[in-house]
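Q: Now for the letters of each chain:
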Amino acid sequence: MSTIAIVMMLVAMVVIWGGLALSVISLVRHGNVEERTEAPRRDL
Amino acid sequence: MSTTADDATGQAHGERRRGAFSSRRVFILAAIGSAVGLGNIWRFPYVAYENGGGAFLVPYLVALLTAGLPFLLLDYAIGHRHRGSAPLSFARLRRGTEGLGWWQVAICFVIAVYYAAVVAWALRYTFFSLDKAWGSDPEAFFFGDFLQAGDVRITTDVVPGVLLPLALVWLGVLAIMALGVQRGIGAVSLVFIPVLVLAFIALVVQALMLPGSGAGLDALFTPDWSALTSASVWAAAFGQIFFSLSIGFGIMITYASYVGRREDMIGSGLVVGFSNSGFELLAGIGVFAALGFMAQAGGVGVDEVAGGGIGLAFIAFPTIISEAPAGALLGVLFFGSLVIAGITSLVSVIEVVISAVRDKFDTSRLTATLAVGIPAALLSLVLFSTTSGIYVLDVVDHFVNQYGILVVALVSMLVVVWAIRALSGLGDHLNVHGRPRVGATWRVLTSVVAPLGLAVVLVLSLRDDLGAPYGDYPSWLLVTFGWIMVVALPVLGFLLGRLPWRPGTHLDGPPPGSDPTAPLHPTATPADVHDEGDHR
Chain H
1 MSTIAIVMML
11 VAMVVIWGGL
21 ALSVISLVRH
31 GNVEERTEAP
41 RRDL
Chain W
1 MSTTADDATG
11 QAHGERRRGA
21 FSSRRVFILA
31 AIGSAVGLGN
41 IWRFPYVAYE
51 NGGGAFLVPY
61 LVALLTAGLP
71 FLLLDYAIGH
81 RHRGSAPLSF
91 ARLRRGTEGL
101 GWWQVAICFV
111 IAVYYAAVVA
121 WALRYTFFSL
131 DKAWGSDPEA
141 FFFGDFLQAG
151 DVRITTDVVP
161 GVLLPLALVW
171 LGVLAIMALG
181 VQRGIGAVSL
191 VFIPVLVLAF
201 IALVVQALML
211 PGSGAGLDAL
221 FTPDWSALTS
231 ASVWAAAFGQ
241 IFFSLSIGFG
251 IMITYASYVG
261 RREDMIGSGL
271 VVGFSNSGFE
281 LLAGIGVFAA
291 LGFMAQAGGV
301 GVDEVAGGGI
311 GLAFIAFPTI
321 ISEAPAGALL
331 GVLFFGSLVI
341 AGITSLVSVI
351 EVVISAVRDK
361 FDTSRLTATL
371 AVGIPAALLS
381 LVLFSTTSGI
391 YVLDVVDHFV
401 NQYGILVVAL
411 VSMLVVVWAI
421 RALSGLGDHL
431 NVHGRPRVGA
441 TWRVLTSVVA
451 PLGLAVVLVL
461 SLRDDLGAPY
471 GDYPSWLLVT
481 FGWIMVVALP
491 VLGFLLGRLP
501 WRPGTHLDGP
511 PPGSDPTAPL
521 HPTATPADVH
531 DEGDHR
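Residue numbers (the UniProt record's numbering), protein chains in the order written: chain H, 1 to 44; chain W, 1 to 536.
Extracted from the complex, chain W is given alone in its bound form (with noise of 0.2 Å):
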């Protein structure tokens, strides 16, 4: 016979199992990390310089305030209701779903791959500082020395270079993924996180110093207000704020799957999302006051330095390193803390993937780790530790962002929000211990405003992409590592969704237990659910 204590305590074992984070502070950190990636420095200063400056604050706080956090705290709801990966989540909000999990896995496991060969450049380039091994031309020390890359074609020429510090990534990486969730994941998030901010802190004061950064400050500043009228400027930003929260593509589910059942998880999204966006504006300050150095140095426009991504990173910085007095400091303390911001972001992508294969397959946290990350790795070391690396890894990037987390993040909202109404049994649940309540104004948000933001940035860029071909790269690479490769990506999503699931796992619906209001069972307590210690 069936009893809401033998529920509860399947439901303890169940998360004892999966493991948890010790605390809301820990998961706010992790939260924090994933979120703060690449993109907050090398991206975020470049998009608000292109797009009107000082007035670009506008649409970025509307987009943050109306898209970013509701569908942040959607996320959040999903996970930390249903109690598991993604996959699992969306099959317990409804069985159908399903497939749009490992949709999410899938476009996870293809970043996962990419992201870490960016890591191992920024790895290296923390040491090459020491000596600025790239001499007097860091453009061509880039991509000749260092990724030694030739023509536009597949080679299995392998770099050394960037094959050591790479695998050295993984090992690192896969390391930390293996010792679990908090101990795992949150302790990392615990030192890393605070160290990132006060290395970054450390930059910007440094940058600042320099002669010229205040010509950079005022390029990224001066408003330019007729921007706000352009439609390409609004999707901008809701394409900023929504690439650089990591929602819609499975991390905040399984991270909030994580996390005690009676926290107050709006609360912790405003915090999430406000820190992500204050790490951005100290990114644009830090990037744009050396970018200013950079121009009065070279007695150029701010103009003609500005830049972003990876030109930004491996090639502006290192000329401004060069440059700069204590310019070994200022390279160690730019690339340490793209390494920083890259791992603890490579850490929440594989840990989706992670979690779904252990859901689905009731497997240890050490042979889910094996299985995902040795695959994974291979992957990686193949295609990006080779002189073609650098092409494959600009393809990848761009359509698995642009069509990749775009159509799944819009795809699923629209499910959640008209398919299946589930908004209102989310909104319910994130509300029993949540501070500001979520009510009319976030359904309206989430089921209409973000999910039109979404499409208007994903219809300019397709216009953008079908117009002409994206880098002017040969169609055979984009068809092959971008067309195909998001088209693959659901099929093979929803062919996951029809595996069965491991015996016994409760789907149709929340789990025993999941309900906030619901008291647990004595064997539950937050202390023994924070680690799995499960290495069966």
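One chain only, chain H, in its complex shape (with noise of 0.2 Å):
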């Protein structure tokens, strides 16, 4: 493989798979908001 083929297949991994990493963590770290059961509000 060519130098330059080798750092577009690693910048094209970093980038995306990079991406998908920091989304994971993104999504994880904000965590669930867990689903309240209160009472709900009663409008007559």
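FYI, nobody ran anything at the bench for these hints, they're computed from the structure.
All figures in this text were calculated on a predicted structure; none of them were measured in a lab.
Be aware that one or more of the hints could be misleading.
Residues on chain H that point at chain W, a partial pick, calculated with CB under 8 Å [claimed, not checked]: (1) 1; (2) 2; (3) 4; (4) 5; (5) 8; (6) 9; (7) 11; (8) 12; (9) 13.
Taking CB as the label site, the calculated pair distances span [unchecked claim]: (10) H/4 / W/443: 35 to 41 Å; (11) H/4 / W/492: 48 to 54 Å; (12) H/29 / W/474: 54 to 60 Å; (13) H/30 / W/507: 29 to 35 Å; (14) W/171 / H/29: 39 to 45 Å.
Cβ atoms here follow ideal geometry from the backbone N, Cα and C, with glycine treated the same way.
Take the two lone chains and join them into the complex the hints point to.
A: Shown next as structure tokens:
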């Protein structure tokens, strides 16, 4: 493989798989928002 | 007297009846399963190679970030906020737009009918790989022995070798659909997606070990920077992102409606979008490493063996499998991956139709599955298990993609953004629990960049098709299964939109309790909402 092809392959891997890793980390850190089950407001 | 408690109870009942994914993880896997399909494996590598190689990365990423992800989030917002299938979500968004949802449903029905046939071919080829049944001439085997394709004319001559696997695919898929959102689609995604990723990683490792693989990767990643000045290269990038993300034709709206109200749809969308592209990159490496081996074995350049679509899967890969060490394993991994990726995408496409039928006609899951599945399966068997199946499939696939999906996505986007100006409310909905927040940039990308990108892709495609008949097929075939079909779909969609909703269906705005900040009724916990069990 030529140097430029190796560089482009690495750039693609870092950007796309790195983007995936970052988005997973961000989602996990943000965490679940618990579904609350308090009694509903009653508007009569 | 109506109370919010009554509304919340009704909403909880409605969500139980429709079904839902049990967790965000299941939803993300199902959405990845929908996005990762045959196109990721057999379309992306060749599109990238043909449009600048390594340089294609630039327009590809621009398209992903400026059009693909913003559009994906728009779909999520529509479905998640309005808690319904595509027609119901559009009807709740604005009554007059319901027909757009049915147009999307009609397109999904057509796609399901032919997509199953390709999955059936891949299923058969998984077993052919074991003894390399194609012999020394995979092309003659595929068109002759396997499909028994003759002249371009419509026939009723059934090919048993296609009929049986196709029937099997439909039986399996309909069983999944009948089980419901969580126990069917969710459970299959939980198993199939990790298996698919592992199988494809194994394939890539094996392909990289083959002699000549470096030459294949060299061909794929060597950049042609001059390509960046070509409009067609940018259009190819937008087209690839758009087609591979399953956006704009109801799938993501439907899936998002099955997600808990308080989930982070923005973060989930980013994971799905990057997962889809991550798999495409993996596929590119595996496919071109194998093509490099094929070129070296044949003593030719990679440019002479590079290809995409059906030719890559059913002609080039069998050649590689025949010549590679441990070729049978490579074949099982490749065609097995196609089957898995195809099935998870196929169920998402059929779910759009089933969900719409359930919402509109208040039927049970089983009834809707049979009402949708039996006609689809019969049509699929009649059209695609015959000696003329390959021609009809090629034409329908081309036209439903270029002028079905593309047009409905563009029209839907323009209507939502510009005609009824719903973007602001949808963005606010995403931001309640979503991170990172969407703001003015997202609104600009969704209202200007994404529609513009789609419009350019559409115009270039139209120019090509009007310039020369697609695939050199005869006019009657292109008119019947191409132009008439794509015109009939919106007409059918808007007619279906005229049918009355089941009594009590909430229309005109998001349903009660769909606001993510609103409290849930005590009876509606995530645990009891996630599976319908509604087999009345």
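Q: Now, for every hint given, state plainly whether the structure supports it.
A: Status of each hint after checking the structure:
At about 5 Å, the closest approach between the beta carbon of residue 1 of chain H and any beta carbon in chain W falls short of 8 Å, and the interface hint on this residue holds. A distance limit of 8 Å between C-beta atoms decides the matter here; for residue 2 of chain H the minimum to chain W is near 6 Å, and the interface restraint holds. For residue 4 of chain H, the interface hint holds, the least distance from its beta-carbon to any beta-carbon of chain W being 6 Å, beneath 8 Å. With 8 Å as the threshold, the beta carbon of residue 5 of chain H comes within range of chain W, its nearest partner Cβ sitting at about 4 Å, so the hint holds.
The interface hint given for residue 8 of chain H is met, as the beta carbon of that residue sits about 3 Å from the closest beta carbon of chain W, less than 8 Å. At about 5 Å, the closest approach between the beta carbon of residue 9 of chain H and any beta carbon in chain W falls short of 8 Å, and the interface hint on this residue holds. A cut of 8 Å between beta carbons decides the hint on residue 11 of chain H: the least distance to chain W is about 7 Å, and the hint holds. At a threshold of 8 Å, the smallest CB-CB gap from residue 12 of chain H to chain W is about 5 Å, leaving the interface hint in force.
For residue 13 of chain H, the shortest C-beta to C-beta distance to chain W is roughly 7 Å, which falls under 8 Å, so the interface hint holds. The supplied range of 35 to 41 Å is met by residue 4 of chain H and residue 443 of chain W, whose beta-carbon atoms lie about 38 Å from each other. Range check, residue 4 of chain H to residue 492 of chain W: Cβ separation about 51 Å, and the 48 to 54 Å hint holds. At about 58 Å, the beta-carbon gap between residue 29 of chain H and residue 474 of chain W stays in the expected band of 54 to 60 Å.
Our hint of 29 to 35 Å for residue 30 of chain H and residue 507 of chain W holds, since their Cβ atoms are close to 33 Å apart. As the Cβ distance of residue 171 of chain W to residue 29 of chain H is approximately 43 Å, the hint placing it in 39 to 45 Å holds.
In this structure, every one of the numbered hints holds.
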